[in-house]
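So the protein sequences, as listed, match chains A and B. Per my numbering, the first sequence runs over residues 1 to 361. Per my numbering, the second sequence runs over residues 1 to 361.
One or more hints might be untrue.
[To be verified] Using 30 Å as the maximum straight-line C-alpha spacing, the simulated DSSO-like pairs for lysine-lysine come out as follows:
(1) B:K324 / A:K31
(2) B:K309 / B:K360
(3) B:K360 / A:K324
Hints were generated in silico from the structure; no laboratory data involved.
This is what each chain is made of:
2 protein chains.
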Amino acid sequence: MPAIQVKTASAKYPVLVGSGILPTLYRRLPKRNHVFVLTSPEIWALWSKRFLASFPKDIQPSVLFLPAGEQHKRLIHVERLASELASAGADRSSLLVAFGGGIIGDMGGFLAAIYMRGIDYIQMPSTLLAQVDSSVGGKTGANLAVGKNLIGSFHHPLAVYADIDLLQTLSTRELRAGLFESIKAGVIRDARLFRFMEQNVAAILKREGKALEYVIAASIRMKANVVGIDERESGLRMILNFGHTIGHAIEAATHYRKLLHGEAIAWGMIAALHLGRTRGTISPAQADRVECAIFSYGPLPVFNTTTAKLLEATSHDKKNREGKRRFVLPNSIGNASVVEDVTDAELTAAIDWMLAKVRKS
Amino acid sequence: MPAIQVKTASAKYPVLVGSGILPTLYRRLPKRNHVFVLTSPEIWALWSKRFLASFPKDIQPSVLFLPAGEQHKRLIHVERLASELASAGADRSSLLVAFGGGIIGDMGGFLAAIYMRGIDYIQMPSTLLAQVDSSVGGKTGANLAVGKNLIGSFHHPLAVYADIDLLQTLSTRELRAGLFESIKAGVIRDARLFRFMEQNVAAILKREGKALEYVIAASIRMKANVVGIDERESGLRMILNFGHTIGHAIEAATHYRKLLHGEAIAWGMIAALHLGRTRGTISPAQADRVECAIFSYGPLPVFNTTTAKLLEATSHDKKNREGKRRFVLPNSIGNASVVEDVTDAELTAAIDWMLAKVRKS
Numbered sequence: 001m002p003a004i005q006v007k008t009a010s011a012k013y014p015v016l017v018g019s020g021i022l023p024t025l026y027r028r029l030p031k032r033n034h035v036f037v038l039t040s041p042e043i044w045a046l047w048s049k050r051f052l053a054s055f056p057k058d059i060q061p062s063v064l065f066l067p068a069g070e071q072h073k074r075l076i077h078v079e080r081l082a083s084e085l086a087s088a089g090a091d092r093s094s095l096l097v098a099f100g101g102g103i104i105g106d107m108g109g110f111l112a113a114i115y116m117r118g119i120d121y122i123q124m125p126s127t128l129l130a131q132v133d134s135s136v137g138g139k140t141g142a143n144l145a146v147g148k149n150l151i152g153s154f155h156h157p158l159a160v161y162a163d164i165d166l167l168q169t170l171s172t173r174e175l176r177a178g179l180f181e182s183i184k185a186g187v188i189r190d191a192r193l194f195r196f197m198e199q200n201v202a203a204i205l206k207r208e209g210k211a212l213e214y215v216i217a218a219s220i221r222m223k224a225n226v227v228g229i230d231e232r233e234s235g236l237r238m239i240l241n242f243g244h245t246i247g248h249a250i251e252a253a254t255h256y257r258k259l260l261h262g263e264a265i266a267w268g269m270i271a272a273l274h275l276g277r278t279r280g281t282i283s284p285a286q287a288d289r290v291e292c293a294i295f296s297y298g299p300l301p302v303f304n305t306t307t308a309k310l311l312e313a314t315s316h317d318k319k320n321r322e323g324k325r326r327f328v329l330p331n332s333i334g335n336a337s338v339v340e341d342v343t344d345a346e347l348t349a350a351i352d353w354m355l356a357k358v359r360k361s
Numbered sequence: 001m002p003a004i005q006v007k008t009a010s011a012k013y014p015v016l017v018g019s020g021i022l023p024t025l026y027r028r029l030p031k032r033n034h035v036f037v038l039t040s041p042e043i044w045a046l047w048s049k050r051f052l053a054s055f056p057k058d059i060q061p062s063v064l065f066l067p068a069g070e071q072h073k074r075l076i077h078v079e080r081l082a083s084e085l086a087s088a089g090a091d092r093s094s095l096l097v098a099f100g101g102g103i104i105g106d107m108g109g110f111l112a113a114i115y116m117r118g119i120d121y122i123q124m125p126s127t128l129l130a131q132v133d134s135s136v137g138g139k140t141g142a143n144l145a146v147g148k149n150l151i152g153s154f155h156h157p158l159a160v161y162a163d164i165d166l167l168q169t170l171s172t173r174e175l176r177a178g179l180f181e182s183i184k185a186g187v188i189r190d191a192r193l194f195r196f197m198e199q200n201v202a203a204i205l206k207r208e209g210k211a212l213e214y215v216i217a218a219s220i221r222m223k224a225n226v227v228g229i230d231e232r233e234s235g236l237r238m239i240l241n242f243g244h245t246i247g248h249a250i251e252a253a254t255h256y257r258k259l260l261h262g263e264a265i266a267w268g269m270i271a272a273l274h275l276g277r278t279r280g281t282i283s284p285a286q287a288d289r290v291e292c293a294i295f296s297y298g299p300l301p302v303f304n305t306t307t308a309k310l311l312e313a314t315s316h317d318k319k320n321r322e323g324k325r326r327f328v329l330p331n332s333i334g335n336a337s338v339v340e341d342v343t344d345a346e347l348t349a350a351i352d353w354m355l356a357k358v359r360k361s
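Full structure from sequences and hints, please.
This is the structure in C-alpha cells:
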C-alpha cells in the first residue's frame with residue numbers, strides 16, 4: 001500500500017492510500033486512553049459497524065457528530081463540540097479521529113487545534129475530495145458569515161488514512177467533484193497525472209481500484225511535495241489555489257448551495273485557463289485540452305449570477321495582500337505560477353467567457 | 001529601558017518594560033497597511049488620545065471593542081471580532097494590537113491566531129496581571145461554559161510593550177491582584193524577587209516607578225526563561241501553575257464573579273503551601289513566610305463554597321493527563337516542582353485549611 005510522507009518544517013506524517021484500511025484502523029492508531037471520533041450521521045450510518053469492529057470491546061471510541069453541509073462549518077459548532085469533549089473528559093492526551101468529508105476534516109482538525117490549545121488527531125477522509133486534497137497539508141478551519149475558511153489554524157494530523165473502499169458509496173456527483181481537484185493537481189504540477197486522467201476517464205469513473213488509487217496517490221504526492229516546500233503558503237503553496245479565486249467567488253455568489261466545492265473549482269479553472277490563454281502564458285491548444293478533460297468528467301451544474309457579483313466576491317480572497325490581488329495562472333500542463341498584476345478587465349473577460357459556457361451547458 | 005528577550009523553539013521577541021512607551025507606540029510597530037486595535041471601552045476612554053497621538057494623521061488604526069468581564073471571553077465574540085476584521089478588509093498582512101488587560105490579551109492573541117489561519121499581533125498590556133504574566137508566553141484563548149481557557153492556541157506576539165504608566169489608573173484591588181502573580185514568580189523560581197517583594201511592600205503598593213519596574217521586569221524575566229525552556233508546557237512550564245489548581249477551582253465555584261484571577265491564585269497558593277508543608281517539601285517557616293507576604297499585599301476577598309465543590313472542580317484541570325492529577329508543590333522559596341501523586345485526602349486537607357483562613361478573614 002503506498003504510504004506518502006508529508007514532511008514540513010513543523011511536522012512529519014504518513015498518508016496511507018489503499019484498500020482495507022478501515023477494518024484495521026484500531027491497531028494503526030497510537031495508544032491513547034480516550035479516542036474520539038468526529039463524523040457525520042450519514043457516514044456513521046454507512047460505516048460505523050466496520051469502524052467499531054476494529055476496536056477492542058472494552059476500548060470503544062466516543063462519537064461526536066456534525067451535521068452535513070457547509071452551513072454547519074461554523075464556530076458555534078466548534079464551541080458545542082469542544083464542550084462535548086470537555087464534558088466527556090477529553091484531556092491533552094486524548095486523540096480525535098476526523099472521519100468524513102472535507103467539512104468534517106476541516107472542522108475536526110480545527111477542533112483538535114484549539115481544544116486545550118491543541119490535541120493530536122487523525123484524518124480519515126471518506127470522500128474523494130477530502131482524500132486528494134483537504135485532508136493533507138494541515139489547513140483546518142471554519143467559515144464566517146462573510147466568507148469561507150476565514151477562521152482556522154495550521155495543525156497537521158498524526159497520519160492520514162485514505163481508504164479507497166469508502167469511495168464505493170460516494171454519489172457519482174461527489175466522485176466527479178473530487179476528480180476536478182485531481183485534474184487541478186495534474187495541471188499545476190504533474191503532467192503525467194493529467195495525461196492519465198485524460199486517457200482513463202471510463203476506468204476512473206467506474207471506480208476501478210487501480211485507476212482510482214493511482215489518481216489519489218499522485219494527487220496526494222503532488223500536494224505533499226508542495227506543502228513540504230512551503231508549509232505556510234508564503235509562496236509556492238499558493239499554486240494549489242488554481243481555479244480557486246473565481247471558484248470561491250462562484251461558491252459565495254451561489255451561497256454555497258448550488259455547487260459542490262470541486263464543481264465550483266472546475267468552473268474557476270475554465271475561467272483561469274481563459275485568462276492564461278489570453279495572456280499567452282498557456283498555449284490555446286493546451287488550454288483547450290485541459291478544458292476538454294474537465295468536461296469529460298462532467299456534467300458541470302449550471303448556476304445563475306453576474307460578472308459584477310463574481311468580480312466583487314474575488315476582492316475578499318485570503319491570498320490578497322496589502323490590497324493586491326493574487327492569481328494562479330497556468331503556464332503549461334504541469335506548471336503554474338502566481339501573479340499579482342491581473343487587472344479587473346482581465347478578470348471580467350475571463351468570467352464573461354466562463355459564464356457564456358455556463359449558459360451553453 | 002529593560003528589554004527582555006523571549007526565545008522559544010518557534011518564536012523570538014522582545015518584552016519592553018518601562019515608562020513612556022505609549023506616546024512612542026507607532027514608531028515601534030512594524031510598518032503595515034492596516035493596523036487594528038482590540039481594546040475595552042474603559043481602557044479606550046482613558047488612553048485613546050495618547051494612543052492615537054503617536055499615529056500619523058493619515059494612518060489611523062481601526063478600533064475593535066470587547067466589553068470588560070470574563071463572560072465576554074467566548075467564541076461568539078471571537079466570531080464577531082473576526083467578522084469585523086473581514087468587513088474592514090483585514091488581510092494576512094494586517095497587524096493587531098491587543099491593548100488592555102488579560103482578557104483583551106488572551107482574546108486578541110487568539111483572534112490573531114485564527115483569523116485567516118494567523119496574523120501578526122502586538123501585546124500592549126494595561127494591567128499589572130497582564131504585564132507580569134498573561135501577555136508573555138504565547139498562550140491565547142477563550143472560555144467554554146464548562147471551563148476556563150479550554151479553547152485556545154499557542155501564538156506568540158511580535159513584541160510585548162509593558163508601559164508602567166498605564167498602571168497609574170489601575171484600581172488598588174487590580175494592582176494587588178497582579179502582585180500575587182509576582183509573588184508566585186518569586187516563590188517558584190526567583191528568591192531575590194520574593195525577598196524584594198517582602199521588603200518593599202509600601203513602595204510597591206504606592207506604585208513607585210523603580211520598585212514597580214523591578215517587580216515587573218523580574219516577573220517577566222522568570223516567565224521568559226521558563227517559556228524558553230518549555231514552550232508547550234510539556235514539563236517545566238507547568239510550575240507557572242503554582243496555586244492555579246485550587247485557584248481555578250475557586251474561580252469556577254464562584255462563577256468567576258467574586259474574585260479577580262490573581263486573588264483566587266493567592267488563595268490557591270495558600271492551599272498549595274499547606275500541602276507542601278504537610279508533605280514536608282517546604283519547611284513550615286518558609287511556608288509561613290510566603291503566606292505572610294501574600295497577606296501583606298491583601299486584603300483577600302472572602303467567598304462562600306465547600307471543600308467538596310472545590311475538589312470536584314479540580315478534576316477538570318487542563319494539566320491533568322490520562323486521568324492523573326498534576327499539582328505544583330513548593331520546595332523552598334525560589335523552587336517548585338510538579339507531582340502526579342497528590343491524593344484526594346491531601347487536597348481535601350489543603351482546601352479545608354484554606355477555607356478556615358477564608359472564614360477567619
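Evaluated hints:
1. At roughly 17 Å between alpha-carbon atoms, K324 of chain B and K31 of chain A fall within 30 Å of each other, so this suggested pair holds.
2. Pair hint K309 of chain B plus K360 of chain B holds up; C-alpha atoms about 20 Å apart against a cutoff of 30 Å.
3. Among the hinted pairs, K360 of chain B with K324 of chain A is inconsistent with the structure: their alpha-carbon atoms are about 65 Å apart, more than 30 Å.
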